[in-house]
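Residue numbers (the working numbering), protein chains in the order written: chain A, 1 to 434; chain B, 1 to 444.
Hints were generated in silico from the structure; no laboratory data involved.
Virtual Cβ for every residue (Gly too), placed ideally from N, Cα, C.
Just to be clear, a hint being listed does not mean it is correct.
Examples of chain B residues lying across from chain A (beta carbon under 8 Å, computed) [said to hold, decoys possible]: (1) Glu-35; (2) His-37; (3) Phe-45; (4) Arg-66; (5) Thr-70; (6) Gln-384.
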Amino acid sequence: MADLTTTFLGITSPNPFWLASAPPTDKEYNVRRAFEAGWGGVVWKTLGMEGQPVVNVNGPRYGAIFGADRRLLGLNNIELITDRDLHRNLEEITRVKKDYPDRALIVSIMVPCEEEAWKAILPLVEATGADGIELNFGCPHGMAERGMGSAVGQVPEYITMVTEWCKMYYSKPVIVKLTPNITDIRQPARAAFKGNADAVSLINTINSITSVNLDAMSPEPMIDGKGTHGGYCGPAVKPIAMNMCAEIARDPETNGKPISAIGGITTWRDAAEFMALGAGNVQVCTAAMTYGFKVVQEMISGLSQWMDEKGYEKTSDFVGMAVPNVTDWQYLNLNYVTKARIDQDACISCGRCYAACEDTSHQAIDMSIDRVFTVKDDECVACNLCVNVCPVEGCIEMVELEMGALDERTGEIVKPYANWTSHPNNPGAIKAAE
Amino acid sequence: MSNTTMTPGIQPGRLPGENLDVNFQDLHPPLTPHEAHVAADRCYFCHDAPCMTACPTSIDIPLFIRQIMTGTPEAAARTILEQNILGGMCARVCPTETLCEEVCVRETAEGQPVEIGRLQRYATDTLMARNSHPFARAAETGKRVAVVGAGPAGLACAHRLAMKGHDVVMYDARAKAGGLNEFGIAAYKSTEDFAAREVAWLLGIGGITVETGRSLGAGLSLEQLKQDHDAVFLGIGLAGVNALSVAGAEKDGVVDAVSFIAELRQAEDLATLPVGRRVVVIGGGMTAIDAAVQSRLLGAESVTVAYRRGADRMGASQFEQDLAASKGVRIMTNVMPVAVHGNGAASEVELEYTQDVDGRLTGTGETVRLVADQVFKAIGQTLQGAPEGLEITRGKIVVTGGGRTSVKGVWAGGDCALGGEDLTVTAVAEGRDAAEDIHKALMG
Ligand SMILES: Cc1cc2nc3c(=O)[nH]c(=O)nc-3n(C[C@H](O)[C@H](O)[C@H](O)COP(=O)(O)OP(=O)(O)OC[C@H]3O[C@@H](n4cnc5c(N)ncnc54)[C@H](O)[C@@H]3O)c2cc1C
Ligand SMILES: Cc1cc2nc3c(=O)[nH]c(=O)nc-3n(C[C@H](O)[C@H](O)[C@H](O)COP(=O)(O)O)c2cc1C
Ligand code: SF4
Ligand code: SF4
Ligand code: SF4
Chain A
1 MADLTTTFLG ITSPNPFWLA SAPPTDKEYN VRRAFEAGWG GVVWKTLGME GQPVVNVNGP
61 RYGAIFGADR RLLGLNNIEL ITDRDLHRNL EEITRVKKDY PDRALIVSIM VPCEEEAWKA
121 ILPLVEATGA DGIELNFGCP HGMAERGMGS AVGQVPEYIT MVTEWCKMYY SKPVIVKLTP
181 NITDIRQPAR AAFKGNADAV SLINTINSIT SVNLDAMSPE PMIDGKGTHG GYCGPAVKPI
241 AMNMCAEIAR DPETNGKPIS AIGGITTWRD AAEFMALGAG NVQVCTAAMT YGFKVVQEMI
301 SGLSQWMDEK GYEKTSDFVG MAVPNVTDWQ YLNLNYVTKA RIDQDACISC GRCYAACEDT
361 SHQAIDMSID RVFTVKDDEC VACNLCVNVC PVEGCIEMVE LEMGALDERT GEIVKPYANW
421 TSHPNNPGAI KAAE
Chain B
1 MSNTTMTPGI QPGRLPGENL DVNFQDLHPP LTPHEAHVAA DRCYFCHDAP CMTACPTSID
61 IPLFIRQIMT GTPEAAARTI LEQNILGGMC ARVCPTETLC EEVCVRETAE GQPVEIGRLQ
121 RYATDTLMAR NSHPFARAAE TGKRVAVVGA GPAGLACAHR LAMKGHDVVM YDARAKAGGL
181 NEFGIAAYKS TEDFAAREVA WLLGIGGITV ETGRSLGAGL SLEQLKQDHD AVFLGIGLAG
241 VNALSVAGAE KDGVVDAVSF IAELRQAEDL ATLPVGRRVV VIGGGMTAID AAVQSRLLGA
301 ESVTVAYRRG ADRMGASQFE QDLAASKGVR IMTNVMPVAV HGNGAASEVE LEYTQDVDGR
361 LTGTGETVRL VADQVFKAIG QTLQGAPEGL EITRGKIVVT GGGRTSVKGV WAGGDCALGG
421 EDLTVTAVAE GRDAAEDIHK ALMG
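When you get a sec, could you build the whole thing from the sequences and use the hints?
And the structure:
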């Protein structure tokens, strides 16, 4: 069986699955049980400054988006960093690390953007024996109003500055956790590495309002008739997180730098996808909050089965393998032609593909009187919409036309690779050719 | 073809072969990948899941269903087989309606449980189709264990022992291993020779020798087995049957249901198997239902199950009773047999109505006669061939803890041992647990 042991920044854990800094990692009681359940590591719930801890609301702090059958797809929260005493947390971290030397234990920190504050807390964290720290520059609510969290993560100069302080006052690996509430994720990532961060982790939660109570006319979660934007996470944010991960992985300035991926990871496959996009390991929050710590067992068995099937012996064998295939639109092969094909044995004749294609795409599906659905090759632009709306997995396939075959829609023969940069319709290309 | 459902007497070939093929198809056909996906999606991944508690082998049901959901049915199969090496058979034969599926929270929510049994089959079938054995043996311990009886209890015990590195010799009185999986389970639950294929696959672990035609009490003695092995496990099931003590019970056409089923299971060609035109089955358990349903499927014109108590006391579950009804079997309750009439061969069964008087079953005096050219006795199996010296209570070998009998070095499990329901899955659990206990005892 494949060996899931993963070394990230020199920190070895029995598998690449860490719990992200959040309620699951808020206390010793949880973290011990998480380790017993099989988690490879944890990032402890973000610690704040010495003194009076922050307080949380005492009403609902979560809102949610559901899929069919009330499956939780997106979670939003207005929780702050740990509301427990700093020293109590540090004592617990010390004890847990001592008892679980083989698991990764990272301490997440968020203190004000002042050197003194970081200088004060870092030695205390160092003394716990934890394996590294993660700088929470991501929390988008509450803490941001106080100049911390995403308020720092949105200003690259601050990121570099604080990271430098941390590298100065702390000896072990420093991970910078990025906020997705920004237009170009490469900027904060570059800033982190400029400050000598050992890695970046992403994403933290996304600013969001999940629902509005139409009786009270207030966003949910509603606290005494009012609501505020909260941080969105869970399966719904995975595509956003994956793109950000890939952007950093393929940015020439940060290519190959360690990434710990976070955002909607729920199954082994989600983890494998992020890792293929360059993440050395992954962190999970919502999946554990939805299904409990035990959910890691499926991630472990699934990843090792997949690795066995693919012949990967260790996780580093496939990390980053998809990165070279993430490219810009302009380099996509415009001579790659596919057509939708409906498997008539699998088709249940629901007509969803027809409605989608007829009403909103290219009128390329034919419906017979007895409800047989077939693709018209001379109309199909291969948009993939029918594949995505069909309720039967694998029922509609995109079939590639061989080189030299006739594309009935354009009346042209399939030619070798050519992209937009040399396309006759591209003004730039014409100019270049002249 | 000369015989039909109407041909009098006990006759083979009442239905054309193609009808028989259809009739004896899978009761619970395998799920297609799409069906499995939809079925798996319904599971809530419950905490401390009630389904798991209800499974006698404690299979981690939420985990294996999640593994199916995420496209790794092979990993799901491993999760199942770690707890229950006969997970493939159990997926086919477990009365899930009274076990895991009965307590599924979606049964509570919508009256429609997650299809745990069929999902289990989907996973185990996928793995077994790869024809690989998922477990490896531990280093050999040099210990030898005798397992008597190659039914589910014996097989589960032998597999777990082999996995722990012990050498196992299985002895079975029959010519084939498998126990009731091979000889008892209804044909439409174990199709395409699944029982034999599963045994062959299970033996793939290595370290297990099977000696068939070796009977404890006839050639094999417990003393000898104890001398030659480090431990002995008895999984001999219930090889005897209760006698029907009514006038005429010896007449031709009156047979044990289990023998009829065993013959059916071993028949090369179901068209050669004789069955009565009018069949009466005495009893109310799984065996009675199976004999009745299979008689109908073979082409008997009318089949009646006659049970002496009320429907609520029947051993067969509601699902089994409904299945019988759907196949055209008539279930009569509160009737007990008083005589079999006929000149040499049975032609009628006389039943007396019963009632419950202060908890005692009492005849009302009113009787009824049913025309019957074949009468199946399905009134319970009994322990037979248990060696001298073992403590026996209520017709079963007394065991404590992990299947320890009153004799040192001898363990027992499955139908022959006291405790638990007489089910395949219970036998597997007991065999497995005894193996763990034997391992502990042998390794100190
Ligand atoms: C007709 C019928 C239908 C059933 N249907 C179902 C069902 O649908 N679902 C379900 O869960 N359960 C069902 N059961 C019950 C289930 O089959 C048993 O509970 C289960 O097989 C018990 O397993 P076991 O290993 O204890 O015994 P068995 O399966 O009976 O195996 C015992 C083995 O020991 C051998 N043996 C016996 N005596 C000796 C001896 N003296 N020396 C050597 N070997 C010996 C036998 O040949 C046999 O191979 C059914 C039972 C019957 C009779
Ligand atoms: C209730 C809640 C509290 C969180 N608190 C923190 C925190 O204190 N520090 C932090 O870095 N991230 C925090 N997060 C963000 C998560 O660590 C994670 O980045 C985010 O939820 C995305 O991952 P997911 O989709 O697996 O949940 C929190 C998330 C949730 C849901
Ligand atoms: S999850 Fe627990 S703490 Fe939260 S509202 Fe429900 S009962 Fe209260
Ligand atoms: S959406 Fe899929 S199942 Fe429905 S008609 Fe189209 S091809 Fe068939
Ligand atoms: S009880 Fe039902 S829904 Fe819950 S884990 Fe078991 S099968 Fe899934």
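- request: Report the numbers of all earlier hints that the structure fails to satisfy, in ascending order.
  value: 1, 6
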